[in-house]
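Work the whole structure out from these sequences, hints included.
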Amino acid sequence: MITKTALGKTLTAAGLLAFSTQSTATGSALVATGGITSFEGTAGGGITPWALIAGYGSSEEVQGTAALQMLNVGDYQLRTLGAAVGIYDRVELSVQRQDLKIGAGIVSNVFNLLTEGAVSNAPGTSIGQDILGLKVKLLGDAVFEQDSWLPQLSAGLQYKKNRDMNTDLPLVNGAVPIPGVGVPALLGATEDAGTDLYLSATKLWLGGAMGNNLLLNLTARMTKANTFGLLGFESATDDGYELEWEGSAVLLPSPSTAVGAEWRTQSDRLGGLAEEETVTDFFIAYFPDKHWSLTAAYVDLGSLPFESNAHGFYLSVTVNL
Amino acid sequence: MKFLTILFLTLGLAACANSPKQSLYEEIGGTSTLDKVYGLAINRIYNDPRLAPHFEGVPKSHLRKMLTEQTCELIGGPCTYSGKSMQEAHQERNVTHAEFYILVEHVQQAMRLIGLTYAQENRLLAALAPLKKDIVYQGE
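Line order of the protein sequences matches chains A and B. Its first residue numbered 523, the first sequence is counted upward by one per residue in this note's numbering. Its first residue numbered 1196, the second sequence is counted upward by one per residue in this note's numbering.
Each hint can be trusted.
Partial list, computed: chain A residues near chain B (C-beta under 8 Å): (1) D611; (2) D669; (3) M732; (4) S776.
Derived from the structure by calculation, the hints contain no laboratory data. Glycine included, each C-beta is placed from N, C-alpha and C at the ideal position.
Structure, rendered in structure tokens:
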């Protein structure tokens, strides 16, 4: 028989134990230094990788994160989820699944244009993509080398595989006018997979902006992707790598809050309906403790097919394991 | 571009912060504040089973005096650190990155409990952060 007092003591002991191990359960590194999780699964900002390694693991620890992101832009809804593991604060491995839902209105418009009005009604569709990420920290310590201007530098790659390059687009009556041609192929993409290569430089200035911490990141990316790979890779006239630039500027006005702005250029190799513009976002991230973070953002994707003013709200949650 | 405006604004703010009229040492209340911060931090550190083994045989009062003196010098105070170099002091202990981060969190907590502002805390950490490379993995 467990008496009330004994039970109370046991619970208190369990509580204390949980509390005392809390700070290392998710890794030892300082809160917010793991960044958030980008929609491509890589630790960073919302739309670009940072040189920081996912999670709060130190060079003696292996820690993981899981994250999901939602972005609503008019008739487009992007849902992504994935996980990352940071190994000894040196290597980051990530897997990410993306699902872009496209409303019936957009698909109908595409058919209408391509068939010169012969087909003007089609159901909605979706495009899936899987991303495997690898990041390696090359040098530097973004947080602690406060006596130097040198950033932390990491190199990475994102292998992307579009799952709906050749998925049939049926009409309302179930007929498939162009078998084996999915949205990416329809818009001119010629490959269903590609590997992005990037170099990220990240630096945190403790107290750098009137006592608030300031983080700046610059990423250079070599890519063959159209709209992040969601619209496939390469085109009939351009199968080479293009260099794109991405950046983040983040202010941390309290130990648990980060506000920032980001941008990311795109190649626009398909043009026409699938014209790409520079992506920008403004975000606020909340880090209540080292177990999780929540990010809300306003994202301007520039343009998407039949959504010339593609902007909307982005919500992301990262859980530290 | 909206982004660039924000970037230059934040960089502008950063530049302003680099020319304070008063030293951080004077702003936080000098040696007496540092002494309180380290008194509290050291109690937390010595009570942390993950860190305590590193401080066996080190009297609390000595560590407190050394840390206060060293920090005072780093943030513009009228002190001269009289202790061992960080490399020398940590030669016999193979301090891990994880242990270093845990210690930083105790010092951070102490600063907050003593009543330093977030800005003061950040600037103080900025002065201490470069010591990391001379503290971790100095054994061997």
